[in-house]
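Chains as they are written, first to last, in my numbering: chain X, 1 to 506; chain Y, 1001 to 1315; chain C, 2001 to 2325.
Any given hint could be a false lead.
Below, in silico cross-link-like pairs of lysine to any residue (SDA-like), each with a Cα-Cα straight-line distance of 25 Å or less [unchecked claim]:
(1) C:K2156 / Y:I1031
(2) X:K414 / C:P2217
(3) X:K432 / X:R235
These are computed hints drawn from the structure, not numbers from a lab.
Here is how the chains run, residue by residue.
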Amino acid sequence: MSDNFLEFRNVSKSYGGVHALEDVSFSVPAGHVRALLGENGAGKSTLIRVLAGTIGADRGTIALDGVERAFATPLEALEAGVVTIYQEFNLVPQLTVAENIFLGWLPTTAGWIDRGSIRARASEILKRIGATFSPDARVGDLNVAGQQMVEIAKALSRDVKVLLMDEPTAALNDAEIEALFRIIRQLRADGVSILYVSHRMAEIFAIADSVTVLKDGRHVGTEPISEVTTESLVRMMIGRTLGEFYPPKATDFGAPVLEIGGLSVGKALQVEKLVLRKGEVLGIAGLEGQGQRELVQAISGARSFEADTFLIEGAPVRIRSIRDAIAAGIGYIPDDRKRDGLALIRTSAENLAIGSLARRLRFGAVVSGSAERRFVDDLVAALRVKLSGPDQRAGDLSGGNQQKLVFGKVLGAKPKILVMAEPTRGVDVGAKREIYEIIRELTRSGVGVVLLSGELPEILGMSDRVLVMANGRIVAEMTDPEMSEEAIMTAATAEAPEAGVMDDAA
Amino acid sequence: MTAALRNIRLRDVVGAPLFLLVVLLLIGVAIEPAITGERAIRNILTTATPLILAGIAQSLVILVGGIDLSIGAIISVANVVAAALMTAYPDMTVAIVFGVLALGAGIGLVNGVLCAFSGASPFIITLAMGIALQGVALQIMYQPGGTVASGFRQIARANWGALPVTTVIVVALALLLAVAIRRTSWGVSLIAIGGNEASARLSGISVKRQTVLLYVISGFLAACAGLFLASRISSGDPLVGEPVTLDSITVAVLGGSSFLGGSISVVGTTVAAIVLAMINTVLNLKDVSPFYQWMLKGAILILALSLDLLRRRKG
Amino acid sequence: MALVSPAASTSAPMKMLRFFITPSGAVWIAIAILLAVAALASDNFVSGDHLLNVARHAAALCIATVGQVFVIMTGGLDLSNGAVITLVSVVASQLLGGSDQYLVPVVLLCLAMGAAVGLFNGLIVAKLGIPPLIGTLGTFGILKGAAYVLTGGAPKGGIPESIRYVGNGTIAGFPISTLCALAFVAFGAFLLSRTIFGRQLVFLGANPSAARLSGVPVARIIILAYVFSGVSAAFAGLLAVGYTGVGSLSLGEGYNLDSITAAVIGGTALTGGSGSVVGGAAGVFFLALLTSFLRFLGLSYSGQLIVQGAILAAAVILQARVFRR
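Hey, can you work out the whole structure from these sequences and the hints?
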């Protein structure tokens, strides 16, 4: 057994000029659980993908037991004993549990599956991880926790040398988490190197031997678990001086532009009261998947919800669809601009114009070409979108300029409230700053902004007020003097899912 | 064993739109009780045979998220090629049969390679192939004609009691295929491709190779259907396969295939083909024009699809 | 602020040249090549008279193709338009009985039938989520049967002189049907680029999810696209029956595949969100020219089918591999 069984050597990867990983080097011994920590966008998922063979690194290598390996395909990684459990499931709902576990290398006799053998082997693995369902159950009939167990069983069925786990407990309850930890400890005893990605501090302290922190694609440090505390880890994760990066905040706000009472989305979101004032940036923070997404989607009409009161500028409105929300003056900037924001094969001008076509009509029905040209030129100039011309395809622009198009599209409808999710994801530093300035210009003109971001510096640098969410509820509200990374993290993790709570959610 | 039995659900055996099939069957019997007679049953099963072959071919392709709109034209081409060659070389029936089967598989290979590697949609690729092959069939034989060897005619005429021999063989092979899909690693990989392509690929299943293989099988089965029709009508007809394309989709969907991918029921498709043949027979016995049959089949297809989608949305 | 990079200052001739290597521009090159080959093969093929005749022949298909382009732009397909053409031809023939007495109400009824078929198609596609190819294939079967039911197998009645004049007559040497088709192409192009409906349609074809989040009423627009295709087909049916002069149960045969082929050749992507009505019209002209030339060369109907299938496959593969990078 070697002290650096799994080694990353100067691994770098960038997407369109944005560094996802920069010169990352660290190693994991055999028989060791390493927690991998970092904010969203710190490079964790890129690192996992490089190791699992789904993407190639630009530079640098990975060594297994001293031998340099480059996995061109996920299958090569699997065959070398590098097994990944992803956040999103890779299961076939139409097949049974046993078939899923052994998919791709089903034992056969003359082509016929040895059903007895896969059932027995699957049963054994399922028993080991404490799963109670039958190996003959159809995966599509299992709940999310059950499917997660199948993913784990699938990984364990291989001759695993390195196990990558990306938030494996997201869907598990306490007993299941305990069972999972038992398996992890057992694998560790068997000499497996384990990379464990999680946001939950309690889990990390419970299971990890050491921890590696990534930030902005760089390796910040690797420490034994006994040498760190929650506070020191948080500092390693965020530890940047906010400096002059963010434009100055607002000093006074107008009347409330949005007041919501008794808001709920099933069991995923329960918010008693939410008020947004004119000219205010309201940050929404918390660990991943605590109801933030549901909150912004509900406000923007993208998801159906219940609310006792929903007032815009003091007047009650009914929002049942995106169109209702837009008509009521709410603009929405979704987090995945390629999927939900832009038509990449259409021109920049068409993308900018789509959100407000009805504002530029002649004879009540015809889209005015000249008005549209003026509208597009004005927006391009105001947002400083770098284009070869209005006819350039949106898909040919950089991430930052694409994001500006999404802003322009929404601003064309003159919203009073702007709801944004991860507005600077996948955007380079220069464009980031420009987007922050655009947001501040908007608030100066009286627009109220709801900002959901997984990047704490962004929340701290931009928000006039922060709501921290956990378990679908608002657990803390902070304004400037008391607002800090530690305070937010503490509030978010203090209320992190405990025993039993996840049962309700699942 | 009981666990295994419990795990085989009705849906897997006959396909969910079973309900619609039973209704259609009952209506058929009510309208024309004569179809329960031995001759009528034999006639229905003979009519159903090419449709079973085409329906299974279609459901295999649909299973992995594809479609084959050239099935009918392949049937026609196989049919006229067989009839034309058998007319010219009456002594070489066996060689011709193998040649035609190879031709069908070859056309399927072209379909499969184009669908898997060109990046264009299988809808249009096989549509274009269908148009071109219809041209080929008409080029070979513009009018129905030709004649086949008398021994070859027996393929569609030999019976075991009320049951046509070929139909029995085809149904037996269908049952074998139904089991193979659930019980071989090949079948399981097909379901995996249709159910979650990313997962199949991550597991090392060669999606493209399997896709090509399924189109080859589809072409081969279509050629079988074309040969069977040549035997049945004792001659060639360049338009004989034309209605089969739509019918093959109808029976696949009625049988339990879903355009969402990952679902197949070979048994259900077989039953659906027989029910559709029964409807045709009833309509023929009642002397109803083929145009009504178009109308009825169009309505059944939309109804079956709607039921399938509604059921899946709720479930 | 250098908002405009050098690429935008490209000269106008360069822009023109670049158009011909786009999906909807390449069809013009194909037409030019075909004309050149035909001119070499024969002295009188590429004459004004013959080309006008080809254009007259293609008018009905051109109108149906405009509707088809709309539907394909949403990411769908309409296989029922040929059956609408057949249905309209027999309904007009039977109801009018060769007289102009009820001309206006019958023409309106025909257009309304097209709209109703389109509405049905749109509802099953947009609301039930049935794959358009299969759903409209089902509609095709139903309509084919309906046309038979209405006529009892042999269409009766007749087409009055007025409709035949539109289908067959000329104004100053120009076929009226061709003028109708050109006007309809212009109307379609205008709808697509200059109205909210058209702009939303194009956008949702390119990205339905982004369209929904931008406030586009996705289902409504898709339904309207099928309605438009149905009305186009009805209009095409009136022109076609005016050209032939008799209602026929086989009149619309092949229109569905031909209109799809023309749209694809004209650069409309089957994945939706990109294409051109004018390109589709050029695709129709190309197909008509090709058919006429192949016939001139003595190629039979079956040979034409083979060539058409090959061209459709080539066009769609070219789109997938060359233009969609």
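Here's how the hints hold up against the structure:
no. : hint              : in the structure
1   : C:K2156 / Y:I1031 : violated (31 Å)
2   : X:K414 / C:P2217  : holds (19 Å)
3   : X:K432 / X:R235   : holds (22 Å)
In summary, the one numbered hint that this structure violates is 1.
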